[in-house]
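Visitor: Sequence:
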Amino acid sequence: MNIPPIDLKTQFKLVQKDILKNIRAILSEQKLILGQYCTRLEDAIAQYAGVPSAISCANGTDALILSLMALDIKEGDEVITTPYTFFATASSIVLMGAKPVFVDIEKESMNIDPGLIERAITPKTKAIIVVHLFGKLCDMDRISATGKKYGIPVVEDIAQSLGSRNDRGMSGSFGDIAALSFYPTKNLGGIGEGGMVLSKRADLGEKVKKLRVHGMGSVPYYHEMVGINSRLDEIKACALVVKFPHLETWNQKRIGNARFYNKRLKDLPVVLPHIKDDFSYIAHQYVIRMQERDRLQEFLKQKGIMTGIYYPLPLHLQPCFASFGYKKGDFPVAEEASLTSLALPVYPELKKAEKDYIVASVREFFRG
4 MNIPPIDLKT
14 QFKLVQKDIL
24 KNIRAILSEQ
34 KLILGQYCTR
44 LEDAIAQYAG
54 VPSAISCANG
64 TDALILSLMA
74 LDIKEGDEVI
84 TTPYTFFATA
94 SSIVLMGAKP
104 VFVDIEKESM
114 NIDPGLIERA
124 ITPKTKAIIV
134 VHLFGKLCDM
144 DRISATGKKY
154 GIPVVEDIAQ
164 SLGSRNDRGM
174 SGSFGDIAAL
184 SFYPTKNLGG
194 IGEGGMVLSK
204 RADLGEKVKK
214 LRVHGMGSVP
224 YYHEMVGINS
234 RLDEIKACAL
244 VVKFPHLETW
254 NQKRIGNARF
264 YNKRLKDLPV
274 VLPHIKDDFS
284 YIAHQYVIRM
294 QERDRLQEFL
304 KQKGIMTGIY
314 YPLPLHLQPC
324 FASFGYKKGD
334 FPVAEEASLT
344 SLALPVYPEL
354 KKAEKDYIVA
364 SVREFFRG
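Anchor point for the sequence shown: position 202 equals 205 in the numbering used here, and the numbering is continuous, going up by one each time.
Don't take every hint at face value.
Unchecked claim - Lysine to aspartate or glutamate pairs mimicking EDC-like chemistry, simulated, CA-CA at most 20 angstroms apart:
#, residue 1, residue 2
1, 151, 75
2, 213, 227
3, 203, 142
Please keep in mind that the hints were generated in silico from the structure rather than gathered at the bench. Every value quoted in this text rests on a predicted model; they were computed, and no experiment measured them.
Produce the entire structure from the sequences given, and follow the hints as far as they go.
Guide: Following this line, the structure appears as structure tokens:
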């Protein structure tokens with residue numbers, strides 16, 4: 004077999020008729036930027052996430068930057084976050100002139116450890132960015148309580164977690180503001196780059212609406228602040244409008260695939276994701292951990308199974324962040340995760356025979 008890490012072609016076949024129909028209409032009408040499809044997408048996501056404000060933008064990185072701009076993060080400020088995440092979580096902080104202050108992750112969830120956040124707070128701390136890594140919710144009760152105690156806003160990076168939730172809310176609705184990505188490989192992936200900022204605070208939502216168009220308000224060419232150019236085009240928005248109604252089904256299939264793996268790999272000497280009987284983990288990635296990770300990855304590659312390593316080098320050890328003074332050993336749990344984590348294919352279009360083959364191949368590796 005030849006099993007990719009994600010199968011975008013198969014998913015597109017399900018929705019291509021409606022997407023292509025909408026694209027033809029857009030090109031005919033020539034309403035290309037921030038039109039009806041952007042509005043429909045924003046309204047749908049806002050209602051889904053349970054927040055009053057959803058503002059589309061060009062990509063997920065811009066969504067993080069716009070969130071920090073709305074919170075007035077500036078040079079000399081500190082922002083607490085996790086060292087075990089995609090680069091943009093920390094680079095957005097640095098691009099604002101602020102310093103990322105890393106704290107280690109929990110061993111089980113691989114999310115930021117709530118118990119370590121408070122000790123990292125200083126008078127310069129102006130925000131906390133949490134990442135619901137691999138689609139698994141962080142402990143938002145404890146994190147939100149810490150933010151409230153010190154008057155520090157909480158930013159949710161929900162690039163991997165649209166749809167994850169518990170009985171108290173949906174990802175993107177716990178913090179003050181949240182950044183979402185529609186990169187093609189996400190659970191709700193677009194036909195190119197795309198992003199969105201969510202907020203339960205009306206003041207932040209209105210600010211982001213202006214910041215994404217160079218700080219311009221309702222009067223054209225009068226700029227109330229210095230913003231950036233980060234608008235979502237209609238063609239990308241129309242594809243997301245078509246795909247959005249499928250998100251819950253796709254997430255359910257991902258969770259089902261993750262449970263399938265857990266049931267059939269539970270007797271092997273690997274650390275498997277913890278899955279509750281709810282939607283608090285929507286399996287954006289299915290990540291196992293083991294010391295012989297690299298050997299297993301090469302073995303599976305020879306079997307035609309493509310896997311991923313998320314992430315091979317934690318952010319505090321990235322060369323471009325060397326000036327912040329972090330060193331190896333500062334965050335041992337994150338460093339161990341970077342050396343032992345391997346993501347198996349978990350996308351919703353996986354066939355039963357493909358899942359059986361993946362499980363059989365992993366088991367064959369351990370028998371050998």
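Visitor: Run every hint past the structure and note whether it holds.
Guide: To see whether the hints hold, each was checked on the structure:
1. 151 with 75: holds, 18 angstroms
2. 213 with 227: At roughly 8 angstroms apart (the allowed maximum being 20 angstroms), residue 227 and residue 213 satisfy the hint.
3. 203 with 142: Answer holds: residue 203 to residue 142 is near 19 angstroms, not above 20 angstroms.
Violated hints are absent here; each numbered hint is respected by the structure.
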